[in-house]
Amino acid sequence: MSEIFRAQVDIDLRVNGEQVAARVIAGQHVIDFLREELGLTGAHASCEHGVCGACTIRVNGQAVRGCLMLAAQLDGAEVWTVEGLSDNNTIRDLQDAFVARNALQCGFCTPGMLVSAEELLAQGGIPERGKIREHMSGNYCRCTGYEAIVDAIETVARQRAGKANS
Amino acid sequence: MTVQFGNPDRPNSYIGKTVPRPNARRLVEGRGKYVDDILLPRMVHVVFVRCPFAHARINGIDISGAKSVKGLVRVFTGAELAEVCTPWVAVLAHLKGLKSPPQHPMAIDRACWVGEPVVAVVATSRAAAEDAAGLIEVDYDPLPVVGDMMTALDKDTPVLHPEMGDNLAFQRLHEEGNVDSAFASAHKVVSARFRTARHTGVTLEPRSILVDWNPAERQLTAWHATQAPHMMQSVLATHLEVPESRVRVICGDVGGSYGIKVHVYPDEMATAAIAKIMGRPVKFIADRLESFSTDIHARDHEIEARIAVDEAGNILAFDIDDWTAIGAYSVYPRTSAIEGNQVVNLCGGPYDFANYRAKTTVVFQNKTPTCQYRAVGHPIAVAITEGLVDMAAAELGMDPVEIRRRNMYADDSYPVTSPAKMRFEGLSHHQSMDKLMQLMDYDALRVDQAEARSRGVHRGIGIASFIELTNPSPFMYGIGGARISAQDGCTVRMDPDGSIVALSGVTEQGQGTEAMLSQIVAEGVGVPPSNVRVITGDTQVTPYGGGTWASRGAGIGGEAALLSARALRDSILEIAAAMLQADQVSLDIRDGAVVDNDTGAARMPLEELGRIVYFRGDTLPEGLPRELVQTRHYITSEYPFAFTNGVQASYLEVDTETGVVTLLKHWCVEDCGRIINPQLVDEQIRGGIVQGLGGALFEEIHYDEDGQLLNGSMADYLVPMAAEMPDMVIGHVETPTKESTLGAKGAGEAGTAGAPAAVMNAINDALRPLGAQVTEMPFTPERILRALGAIED
Numbered sequence: 001m002s003e004i005f006r007a008q009v010d011i012d013l014r015v016n017g018e019q020v021a022a023r024v025i026a027g028q029h030v031i032d033f034l035r036e037e038l039g040l041t042g043a044h045a046s047c048e049h050g051v052c053g054a055c056t057i058r059v060n061g062q063a064v065r066g067c068l069m070l071a072a073q074l075d076g077a078e079v080w081t082v083e084g085l086s087d088n089n090t091i092r093d094l095q096d097a098f099v100a101r102n103a104l105q106c107g108f109c110t111p112g113m114l115v116s117a118e119e120l121l122a123q124g125g126i127p128e129r130g131k132i133r134e135h136m137s138g139n140y141c142r143c144t145g146y147e148a149i150v151d152a153i154e155t156v157a158r159q160r161a162g163k164a165n166s
Numbered sequence: 001m002t003v004q005f006g007n008p009d010r011p012n013s014y015i016g017k018t019v020p021r022p023n024a025r026r027l028v029e030g031r032g033k034y035v036d037d038i039l040l041p042r043m044v045h046v047v048f049v050r051c052p053f054a055h056a057r058i059n060g061i062d063i064s065g066a067k068s069v070k071g072l073v074r075v076f077t078g079a080e081l082a083e084v085c086t087p088w089v090a091v092l093a094h095l096k097g098l099k100s101p102p103q104h105p106m107a108i109d110r111a112c113w114v115g116e117p118v119v120a121v122v123a124t125s126r127a128a129a130e131d132a133a134g135l136i137e138v139d140y141d142p143l144p145v146v147g148d149m150m151t152a153l154d155k156d157t158p159v160l161h162p163e164m165g166d167n168l169a170f171q172r173l174h175e176e177g178n179v180d181s182a183f184a185s186a187h188k189v190v191s192a193r194f195r196t197a198r199h200t201g202v203t204l205e206p207r208s209i210l211v212d213w214n215p216a217e218r219q220l221t222a223w224h225a226t227q228a229p230h231m232m233q234s235v236l237a238t239h240l241e242v243p244e245s246r247v248r249v250i251c252g253d254v255g256g257s258y259g260i261k262v263h264v265y266p267d268e269m270a271t272a273a274i275a276k277i278m279g280r281p282v283k284f285i286a287d288r289l290e291s292f293s294t295d296i297h298a299r300d301h302e303i304e305a306r307i308a309v310d311e312a313g314n315i316l317a318f319d320i321d322d323w324t325a326i327g328a329y330s331v332y333p334r335t336s337a338i339e340g341n342q343v344v345n346l347c348g349g350p351y352d353f354a355n356y357r358a359k360t361t362v363v364f365q366n367k368t369p370t371c372q373y374r375a376v377g378h379p380i381a382v383a384i385t386e387g388l389v390d391m392a393a394a395e396l397g398m399d400p401v402e403i404r405r406r407n408m409y410a411d412d413s414y415p416v417t418s419p420a421k422m423r424f425e426g427l428s429h430h431q432s433m434d435k436l437m438q439l440m441d442y443d444a445l446r447v448d449q450a451e452a453r454s455r456g457v458h459r460g461i462g463i464a465s466f467i468e469l470t471n472p473s474p475f476m477y478g479i480g481g482a483r484i485s486a487q488d489g490c491t492v493r494m495d496p497d498g499s500i501v502a503l504s505g506v507t508e509q510g511q512g513t514e515a516m517l518s519q520i521v522a523e524g525v526g527v528p529p530s531n532v533r534v535i536t537g538d539t540q541v542t543p544y545g546g547g548t549w550a551s552r553g554a555g556i557g558g559e560a561a562l563l564s565a566r567a568l569r570d571s572i573l574e575i576a577a578a579m580l581q582a583d584q585v586s587l588d589i590r591d592g593a594v595v596d597n598d599t600g601a602a603r604m605p606l607e608e609l610g611r612i613v614y615f616r617g618d619t620l621p622e623g624l625p626r627e628l629v630q631t632r633h634y635i636t637s638e639y640p641f642a643f644t645n646g647v648q649a650s651y652l653e654v655d656t657e658t659g660v661v662t663l664l665k666h667w668c669v670e671d672c673g674r675i676i677n678p679q680l681v682d683e684q685i686r687g688g689i690v691q692g693l694g695g696a697l698f699e700e701i702h703y704d705e706d707g708q709l710l711n712g713s714m715a716d717y718l719v720p721m722a723a724e725m726p727d728m729v730i731g732h733v734e735t736p737t738k739e740s741t742l743g744a745k746g747a748g749e750a751g752t753a754g755a756p757a758a759v760m761n762a763i764n765d766a767l768r769p770l771g772a773q774v775t776e777m778p779f780t781p782e783r784i785l786r787a788l789g790a791i792e793d
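The listed protein sequences correspond, in order, to chains A and B.
Residue numbers for the first sequence follow the working numbering, beginning at 1 and rising by one.
Residue numbers for the second sequence follow the working numbering, beginning at 1 and rising by one.
Think of the hints as simulated: they come from the structure by calculation, not from any bench.
Positions of the beta carbon are idealized from the N, C-alpha and C atoms, including for glycine.
Among the hints, erroneous ones may be present.
What the hints assert, rightly or not - To be clear about the criterion: a stretch of chain B counts as covered by chain A if any three or more of its residues have a C-beta under 8 angstroms from a C-beta of chain A, and this derived list gives those stretches:
{"no.": "1", "segment": "17 to 24"}
{"no.": "2", "segment": "403 to 411"}
{"no.": "3", "segment": "705 to 719"}
In isolation and in its complexed conformation, chain B is listed as follows (with noise of 0.2 angstroms):
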């Protein structure tokens, strides 16, 4: 039996609706449970001397001033940890030539970024630890520094790695058609220099990791704020060389994640290491100078692009050079190499066009480590299509959506693979364009647009057509090699009282996890969601899985929620049949009871079933099966991702005198298939497109060119405030992925797609009858009026 998802006056049809978050009222009371409101018996907190250079060889540590400090514990340098740890390195067969050298949970003899951990101070209070670690004396000698991405490969430049050979981290080049006769015979070629700025995700809880080793039982319990519970699991256990089945890894409330906590970090592997070295529990809690220089940083990145098209505006070629530079590591697991390869696999994604180039050059250089931060590479693909799509239809003389919608796959075109190669079961994106327009009153917005301009204020309509890659296949990381799951598994359980217990193996960062699988069991089962009690977040109790990233919860732990729970239903309905002495297919589960199928009358309640199976088993016939627990697991293998769609667009005020930009409105019309709860869906959008927003007018890591980070603070790095936050309009389409049963795809990372491109356009838009363009995010009121010429030393 199906459910019905078309009739939304089906019983118990909680998928598609509002409900409330079970941990909710928990957290607004203050209840909540994150690391740093653990406490264990013995436990000690480390913090770790950090290399003020941004290369430099460790010459000597010492530590004898700390000794006087009350409450030090022990010192730990990188050689003495690097024997309990194993190093790793972060490469994946798939992503050919990717190469990056061992990396230690502490610089041995040299450092290579403002940051790296080079000494650990242990001691019974943070406070301590830290006055002893200000007494520590490291002998550096600072070494040459590799700065600038663009001059990394210069033969001039020193290799950072000797033994890497030099500082190539990864090339890919992806080339399909004729590029060059496209644009050779091309009405019009346009060409722009894009750059996205150096961000970091600011988590508002640093990140956090405590860790016990118990010898006693050989165990290693790590309470950790990851998005990752079951990665962790592996992680933990090869490098500190303990079986698998011996590393517990529970993850509570975690306070913001965005793809920050989905790395390993070298800090965190030490105080694994420590624990397990002191067999005792130690606590490390990042403090915000030490998450502005160890949090994985992203979207580094200065693109070349170009497009051709014909006279009718048709695009005829994409040609994209990317290049991008990750810092001293490729990060473990998932590798520093994904975000230039989303480029390549994104640029020109929601348009049908036939000859495409693309090229990303991944550097090494001496600074924090870049990874995967929410909607990897996304929002530089999107800029650079829709940037250029934009600067097309003005050369033409063409409205912006009207080249959209001459070039974007028809709505009936699929399935359809992209030049790119990439692969789309079924999108909207003329549906969305067109509920866009509707949302949004383009035609309205065009008036006050030109009226304003009549009196000299200048504002902008800047739209941007994606698509977000979701519900990820072992094609992203297990077949590079990593032990990451793309797989997901949920138990589901009927106690004695009739309620349900679910144990998934994705985990909750706040986005409503825990609330979207309650609706889902409840629906699958039967029950009010109020009646199940839902379990994420640790590795002895769920079913293994990968946690949170590239927006799979719901698509792929939902649908493993929805499989368990249907055959927990079925289970119900077999014992409850042998009970009522009725036809199985004549019952159905509503509301927490046992009812007739046809008539919806009342036969029994659920706990009254569950009395008899757990208390009174006796009375039930004797090969009968009363197993009131059931396993399922989902993992997609028609496509490699399920991609989704939309279309976003910002209206926007540009002050020419100050350069100022003030967002006016945001709209975002997107299509993640099957919504499950509304609101869920439409706060992750908003909440997503703000941080894009900052990324477009905000936020960029500076470093001077020494390597020196010069903005690790929050009053110095700026991330959007209530106040110059506009509201947002989400309007939804809905295509199902015909994969799985609940159709559903991700949700999490559109808002941070789109949002920088939609803003780049409407400042565009606002400044192109003043002569002036900006491609180089943040687009701050430097920036503008350099473009505008106001400022030229």
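Next up, chain A with everything else stripped away, as it sits in the complex (with noise of 0.2 angstroms):
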């Protein structure tokens, strides 16, 4: 196989704060890449499309679909999935809001939901709910309807704004 077509890539990354070397299938989606070869299997693959945000995982600092990008061009990448931003915390407050106003039913679109609210919620300031609920338009939910996981995104803005300025 020659260097310009190769059907394995070599890859060195960082996954949840941890190191991780791997050799990927050149074809590979990031979803199946963490999901299959990394056990984790907090984001879903659903319209595999980019579409609807199920796959939404947080690469260099951004979401990023992970049905729309090759695990091969990972290499060198800051990853975070749900699992890790649950082991350190980072968004605590938000998965508590979540549970509280019930901003999930089966779960499936939640981890996703997550990572997109985070970015949102990391610009600081709070948001209106039009603004909000445009944001949040690259997830979908058949169940909840979106409301609540409005209402829950706007309290966690409410809460580290107060935070912010006390």
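Reassemble the complex: the two chains are provided individually, in unrelated frames, and hints are given to aid placement.
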């Protein structure tokens, strides 16, 4: 196999703060790599078209669709999934708000939802409900009707703004 | 001793309170365990080569190209699987005349819709199986296609299944009173043609099954994303010819169901058949195109309907002619005639009128089979009924709320039997309407609408009253011969540490079943909900039951849980009375301890009772019963179904330049009887409303005239997103059913039942001054602009 079309690619990256070295099939998507090779089954494959957001993870500080990026592109990357963000308590307040407001039912979309919501919240301030709805429109939920999700995100934005001001 | 529901200060008052869901924390941390998360030793993956034509003869299958693919294990044809899996026929005896041909796990000589499985490819990874599937050549001869619903019975339309004689699957006519004379003598008659679009559920977790056959134990185990584990146990046993006792169905976390995961799917049966042949675990996870082309579709109806009213606005008659096309097969084992049958049962539901004719005609065609999807038939029946009622009100110059108040069954008129022969035990249409008016401030909204109109902004208010069928008895499926349990059971056990385990036959699909059961058991026994562990979804472990469908979990599973919890409480108190040398009736259990009933003084923690019973049984009187496990079952028997009622309202704005509808706000007042967990009920209703709003505004499966599926991806089939959904106000009236101690009816489908009609009526309210009307869902910008005459070609 020539250098320009390799069937397998070696990558070195950090996932949830841990060093990972892997040889991946060139066509493997990030979501399959995380789920099948690393056992990180929190994020899910769903539409496989980059539409629904169930596979959303954080790569180099940005929310990324795990079904639209190849594992081979992860060399040198810093990847965070819901498992790591739970372990280090980054999104604890958001998770608490989701549970308290029942902003999840089946929970299949939730790991991706949380990563997207955290991306918005990290921008600071208290976004308008319309802004929250707009930002979360790349994450589909068929169970909740979205209102509880918007409420939970709004609650956390207020809590964080309150803490920042006090 | 009964539960004093009326007293909020009673001890252990968990029923009626919002308590957290025990499984939610796990799910937000990404620690759910859905079928695709499960890995087993020697597991292989199956993918399917699917028919690309709507109708085709299969002349031959050439697998030679696939053999070079690394990881390929085996390839199966339909004929090979037919040797280990018997075909099924989806009919029910009480749906007279319903017919459907035998269906196999995979097509054998002929495929009948785009997506029907033809070849199964098994490999060590999903990717390898897909690579191999792409190299398999199937030689097809396309056959004539039956596509259009309304011409399916025409003489020159080909017959899809020649052995069936024609394309008619089912027809039912129900007639009550004298419809023709009521129409002949009516003050006003209003007619309309309605259309509801073909939908599918779009569960974010695709259909998923992992099946293992252990030849040494002759045991089949299926990890299955399903709503009905015991039904699937029976189906797998019957068609793979394994004793029912040797089939175990395990249902862990399920990523959305909404009715999609309560049916028997050919590819899932094929997966089980392959596991049985290969003697190793086989996993099938549908991809998104497979979801769109093979998950059941629903709601594909065309209806001619009319209403007759007198001068005062009293409804004299409804006349409904409903047509639906169900694809190539009736779906096993619930059948595809139920949706049309429900339209006949439910039209006119809230209203007291005398003359009713409704007919449903159910035809075959070369498309994906349709079957029961959340709120089965309700959104159709409510759209027809409420659409006609609004049109009649407009004809009479009457307010839409006023015409409803004039015709709804009086709140003190129950029990009553409707012209459709539905029996209502107790509903609250008027109280619910009053509450809605108050919540939405109807009069102020009309002022706002008029003010907007003066600025050239077209806003509309739409009202939709509805009834909803819940808590089904065997009259739904069992009497027709299906092995689908209407009864459900619960086993409640106290362990040595005083904690309680509850095992239930109803399942958790995310709606909060486990929280609801934990509250009921906690109150029934007398412990905090956090001290109750709930186990569902394992046929080898839980009592036999029906699972999740027709809004039955709380009303039926919940009642079984309450009865078993009360029985366990009695057992505990009998032992406690012996230990404390007290009279049993003088004791109670509160917050996990035995107490004096009168004073509340603590007598003994349950863990002490557990220690004595399990480890020092020698100290108890010899003949004392010491059964700290109790099981009870519950089935409804006085009424075939427990009907609920409610009313929804939509406020929206129509942009007459672009045809775009903006939802401003939505209200729902619902009466599901006793509310167990207010938050979970509200969120069921909100989620249901949004599924209904999707049907009203966005969702439609498109086929071309050759039966080719045109929008099989989430980019092309539109479901509601956060940005376009409104905030929703939910209110309640509580009319508990008297059939059970708990008094709960179902709440899961009410939102979906009424939302499309409310939106349709609101759009038409906005458009009426412009002389336009829409009745064909979804109400896309194009359809609205056509109604306004802005597009004419």
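Tested hints:
1. Check on the segment 17 to 24 of chain B: 4 of its residues sit with their Cβ under 8 angstroms from a Cβ of chain A, so the three-residue criterion for coverage holds.
2. For the segment 403 to 411 of chain B, the stated coverage by chain A is not satisfied: 0 residues place a CB nearer than 8 angstroms to a CB of that chain, which falls below the threshold of 3.
3. Residue count for the segment 705 to 719 of chain B with a Cβ under 8 angstroms from a Cβ of chain A: 4. That meets the three needed, and the coverage hint holds.
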